[in-house]
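K.L.:
Chain residues, written in single-letter form:
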Amino acid sequence: VGRHEFLEAVAVADCAVEIEGDDLDDLFTTAARVVAEVMVDPTTVRATTERRVELTAPSLDLLLYDWLSELIYVKDSEQLVFPVVEARVSAGSPCRLSARLVGGPIDRATTALRSDPKAVTFHQFVLEPRAHGWRARVVIDI
Amino acid sequence: MTTMKTLPIGDCVWEIPPSEKPGMLVPARIYASETLLARMDEGVFEQVTNVACLPGIVRAALCMPDGHWGYGFPIGGVAAFRADTGVISPGGIGFDINCGMRVLRTNLTEAEVRPKLTELVDALFDAVPSGVGSKGFVRLSSDQFVEVMCDGARWCLQHGYGWPEDLDATEGGGCLPGADPGQVSERAVSRGRDQLGTLGSGNHYLEVQVVPPDGIHDPRAAKAFGIERPGQILVMLHCGSRGFGHQIGTDYLRRFDQAMRGYGITVRDRELACAPFRSPEGQAYFGAMTAAANAAFANRQLMTHRVREVMGRVFGKDPRDLGLGVIYDVCHNTAKLERHTVDGASLELVVHRKGATRGGAHDVPRAGQAQGLGRGADQADGRTRDRRPCRVEIGRRRGGGLRLQGPGRGRGRRAPPRHLSQGCLAHPDRKHQGLRPIDGLSAIEDGVGAGGPLQAETVARI
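Residue numbers (this note's numbering), protein chains in the order written: chain A, 1 to 142; chain B, 1001 to 1462.
Honestly, the hints are just simulated from the structure, not real lab data.
Yeah, the Cβ is synthetic: ideal placement off N, Cα and C, and Gly gets one too.
Don't take every hint at face value.
[What the hints assert, rightly or not] Now the stretches of chain B that chain A is said to cover, found in silico as 3 or more residues with beta-carbon under 8 Å:
#: 1; region: 1184-1193
#: 2; region: 1196-1206
#: 3; region: 1253-1265
[Unchecked claim] Capping the alpha-carbon separation at 25 Å, the derived lysine to any residue pairs in SDA-like fashion look like this:
#: 4; chain 1: B; residue 1: Lys1021; chain 2: B; residue 2: Arg1268
#: 5; chain 1: B; residue 1: Lys1135; chain 2: A; residue 2: Ser77
#: 6; chain 1: B; residue 1: Lys1116; chain 2: B; residue 2: Leu1322
#: 7; chain 1: B; residue 1: Lys1135; chain 2: A; residue 2: Gln79
#: 8; chain 1: B; residue 1: Lys1223; chain 2: B; residue 2: Gly1173
#: 9; chain 1: B; residue 1: Lys1021; chain 2: A; residue 2: Phe125
#: 10; chain 1: B; residue 1: Lys1135; chain 2: A; residue 2: Phe125
[What the hints assert, rightly or not] Pulled from the structure, derived: some chain A residues nowhere near chain B, Cβ distances all over 12 Å:
#: 11; residue: Glu50
#: 12; residue: Glu54
#: 13; residue: Ser93
Kindly generate the complete structure, drawing on both the sequences and the hints.
P.N.:
See the structure below:
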């Protein structure tokens, strides 16, 4: 399971987060869970919906950008959040993501709401390999 | 503060010369007192000098007195680019396209409102949804949403959600020219169509405010705006284009990030991704961005309608009898095509304003009530007739040193949903009660001081 840490010193007003994963799958999975946690308390979301997402992008960092942007888009367009995520990522030309998401609707009566992200930014945006895994830094505009 | 060479070139005007950073095409200029300058975070200096490197920039990259770091441009950043040879950058506008401020006046007093404050705030909270997953009260077909993109606040009036005079008090009459719905993605439409009439989250707010005992600085000019006495209640909105604009910003930031290579453009910060204004990509973004700006005007207009409904119901009067007129509605996240004289030549410029408001121009709102004032305000956020800047100063934080345009990024937005904040009127049951450091343009006064070149005349303090 990947690790994450919110970086108040980078963006106290918004959501700057550093994410580490043992591999790309782990990192992309963890990043998606973080986005869900930023929006709601995941324990208050009823798991009623399963969704598959397939994405391609010319580079891994753009794939991460598109992936997290997709989760924010679904939050607004369908009022859905997905705390349970399994992502598979392959580098190549293009880079590919295949993910299974489990979550449910944002029920304003029962879901503990947190922040309402506007967008993933390119501010200090990084995705890079490390000695044992991968690391990303993402700043989300709240 | 910064280690960059920051030279005083006038009263409260500082310049960072192009020699301070490779690639700067023009100087960076910061408008601030020495105190304000010292308080500015390092990000402001890095970002404003990055902006000075963008192709086609004219004269200088500017930063206003309440500048603070943002994404790409600093918040409070202003830059003009030649329309024929310059660029357009989503980073100079922000994800929340046409985020703006609207203020409503009322005939109510604090004494009348306070006994009904709980009922009022609860009703406003229900009528103007905020936070994650909120939907507005208007359901639009795809064709109707296209009309909103093109007509902005005018669409609302055509459908019974406003008063004709509202448009007179709204920048650009509530509709900016150049919207091109054909350049808006389906994703942006599906993300934002049901959000019209919602407040959003983060630093957006709806406040019930009161004019404090010492709040009237120029009774005659204040009266022109409909602000007549201490204790008077006003309502302020701060919000923008919601998910619709956020998605357009995301779509085009991503597109420009790739398109720049084809134009041989490199930027010092990826958030400054841009394209030549006259390129297909640049024109597409301008059309989509303007569509979002118009949707934002409609959003604030629909919320105004809801506020009128609520206050009419709570106080048992027709909203017109409550005097719920719009004092002003101004944008602070836009790019506009404007003609300016530069070094004697009339140039068409793409003026980016991020966290900054245009003042003193023909398309900023007029306060009709001001007619006949000898020295009074003829524009809500513009200039007095003797050309001095004029404004209504909003929401000063009592006893505090900080005066910011919005809470900026100096404090967290990831707090629990703040629901409604109520300015000077505390609510007994809700969190986030009490005074907010939401201060409109008042940093100018604090930063520049009496007699400074940017000294704006405050007509009333809320």
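K.L.:
Determine for every hint whether it applies to the structure shown.
P.N.:
Checked hints:
1. 1184-1193: holds (count 4)
2. 1196-1206: Satisfied; 4 residues make the cut.
3. 1253-1265: Held - the region 1253-1265 of chain B has 4 residues with a Cβ nearer than 8 Å to chain A, which meets the minimum of three.
4. B:Lys1021 to B:Arg1268: Roughly 11 Å between the alpha carbons, so the hint for B:Lys1021 and B:Arg1268 holds.
5. B:Lys1135 to A:Ser77: The hint holds at about 10 Å.
6. B:Lys1116 to B:Leu1322: holds (15 Å)
7. B:Lys1135 to A:Gln79: Holds, at about 9 Å.
8. B:Lys1223 to B:Gly1173: holds (22 Å)
9. B:Lys1021 to A:Phe125: Holds - the C-alpha atoms of A:Phe125 and B:Lys1021 are around 22 Å apart, at most 25 Å.
10. B:Lys1135 to A:Phe125: Violated, at about 31 Å.
11. Glu50: holds (19 Å)
12. Glu54: Holds: least Cβ distance 16 Å, greater than 12 Å.
13. Ser93: A:Ser93 clear of chain B: closest Cβ-Cβ about 14 Å, beyond 12 Å.
Figure legend: structure checked against the earlier numbered hints; the only hint not met is number 10.
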